[in-house]
Amino acid sequence: MTKLQTFTKGFFKENPTFVLILGMCPTLATTTSAINGLSMGLATLFVLVLSNIVISAIAPMVPDKVHIPVYIVVIATFVTILQFVMQAYTPQMYKTLGIFIPLIVVNCIVLGRAEAFANKHGILDSALDGLGIGLGFTISLTVIGIVREIIGMGSIFGYKFISGDGILVFVMAPGAFLVLGYLMVLFNKIAKKN
Amino acid sequence: MAAKSNLTNMLLVLTGTCLICSALLAGIYSVTAEPIAQTNKNILMESISAVVPDGVQISDAKPLSVGGKDSEYYECSKDGSVVAYAIKSESAGFGGALTLMVGITTDGIVYNASVLSHSETPGLGANCTTDEHFKAQWKGFDPSSKILAVKKDGGDVDAITASTITSRAYTLAVKNAVEAYKNIKGE
Chain R
0 MTKLQTFTKG
10 FFKENPTFVL
20 ILGMCPTLAT
30 TTSAINGLSM
40 GLATLFVLVL
50 SNIVISAIAP
60 MVPDKVHIPV
70 YIVVIATFVT
80 ILQFVMQAYT
90 PQMYKTLGIF
100 IPLIVVNCIV
110 LGRAEAFANK
120 HGILDSALDG
130 LGIGLGFTIS
140 LTVIGIVREI
150 IGMGSIFGYK
160 FISGDGILVF
170 VMAPGAFLVL
180 GYLMVLFNKI
190 AKKN
Chain L
0 MAAKSNLTNM
10 LLVLTGTCLI
20 CSALLAGIYS
30 VTAEPIAQTN
40 KNILMESISA
50 VVPDGVQISD
60 AKPLSVGGKD
70 SEYYECSKDG
80 SVVAYAIKSE
90 SAGFGGALTL
100 MVGITTDGIV
110 YNASVLSHSE
120 TPGLGANCTT
130 DEHFKAQWKG
140 FDPSSKILAV
150 KKDGGDVDAI
160 TASTITSRAY
170 TLAVKNAVEA
180 YKNIKGE
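Protein chains in written order, with numbering that gives the first Met the number 0: chain R, 0 to 193; chain L, 0 to 186.
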């Protein structure tokens, strides 16, 4: 696999949301609006890239039997750093994403990439992999957020283009499932054609 | 690939990882602790100054029981005398706790109220933070001449359309704050 493929596979071929169907909990819960989806994606991207780099660097030294606890400690460290920084400089966003920031620790995408990729590949490849998968996740969450916000609130990134309310159910939990389902169908139809 | 496990290297690697990670976190914490405290304080101060008259000195938090729950209030003074109280009041909304900051001037009139945190339904109950008509009625609400209950319950508060439970919770939180204010004055 070339470096470019390592980077771009997260967008289509191994898109974490629509193809691998990983990390569904934050996907469904935080995509109530475009900006929330985008922020959650970027938060995960940050943790994913750094944990992939560190784990690929330390993997040869880590004894097999304790590799999961070691990886989790590394991931939890980056998540906590992210939490401190968000609390200090973006308090509004921290409040909106709430519990889903600490829950990045148990996001299966992060540990999944560590297990499936980072501990078998070099630092550069792992960084590219994290960046690609993270961007794929970010784009997917943003798209879901955009669709839910347009239908549910009649706005896009907070800019209202209709007066009055949209179809509110799309901002709530059932709407998350509906939008995710239909986007998954659409995505896989397009992906199959190519 | 991964090193073969034995007690020594497992112990060393786990201890080492934890030590390095906690040292890193301690470092980051010491850098961000002050901005975090500052940010939280700013948010609180903004929420207080939004509900009391302009240009007042805000005191430190003082403990107070509001609606049977432990809460806190802030004395707002101008030229050395207290002109208003900002009271934190919590009630059960539709989706969870609804926390308000209620400003009451010393003549017993609600100066204003604002939402500190809520988990109401987006587009319905969550409109209690944006609905201009609903918000405006708290400005200068006089609890001695108006009844603190939604119109459906025989009071003088206009509820938000389709969000009676949230409106009731909001009204109750203001009512509890007014009761708590009487306790402060009674002391």
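Check the hints yourself; a few may be wrong.
Listed below are the simulated DSSO-like cross-link pairs for lysine-lysine, each with C-alpha atoms no more than 30 Å apart in a straight line [to be verified]:
id, chain 1, residue 1, chain 2, residue 2
1, R, Lys94, L, Lys174
2, L, Lys61, L, Lys150
3, L, Lys145, L, Lys174
4, R, Lys94, L, Lys3
5, L, Lys77, L, Lys3
6, L, Lys145, R, Lys94
7, L, Lys184, L, Lys40
8, L, Lys61, L, Lys181
9, L, Lys184, R, Lys94
10, L, Lys138, R, Lys159
11, R, Lys64, L, Lys3
12, L, Lys3, R, Lys119
What the hints contain is simulated information worked out from the structure, not anything from laboratory work. A quick note: this is a predicted structure, and the numbers were derived from the prediction, not measured.
Outcome of the hint check:
1. R:Lys94 / L:Lys174: At roughly 27 Å apart (the allowed maximum being 30 Å), Lys174 of chain L and Lys94 of chain R satisfy the hint.
2. L:Lys61 / L:Lys150: Not OK: Lys61 of chain L and Lys150 of chain L at ~33 Å, beyond 30 Å, violated.
3. L:Lys145 / L:Lys174: Holds. Lys145 of chain L to Lys174 of chain L sits at ~11 Å (cutoff 30 Å).
4. R:Lys94 / L:Lys3: violated, 44 Å
5. L:Lys77 / L:Lys3: Not satisfied, since the Cα-Cα distance of roughly 71 Å exceeds 30 Å.
6. L:Lys145 / R:Lys94: violated, 35 Å
7. L:Lys184 / L:Lys40: holds, 26 Å
8. L:Lys61 / L:Lys181: Given pair Lys61 of chain L, Lys181 of chain L holds - Cα atoms ~15 Å apart, limit 30 Å.
9. L:Lys184 / R:Lys94: violated, 34 Å
10. L:Lys138 / R:Lys159: holds, 27 Å
11. R:Lys64 / L:Lys3: holds, 8 Å
12. L:Lys3 / R:Lys119: holds, 15 Å
Consistency note: the structure conflicts with the earlier hints numbered 2, 4, 5, 6, 9.
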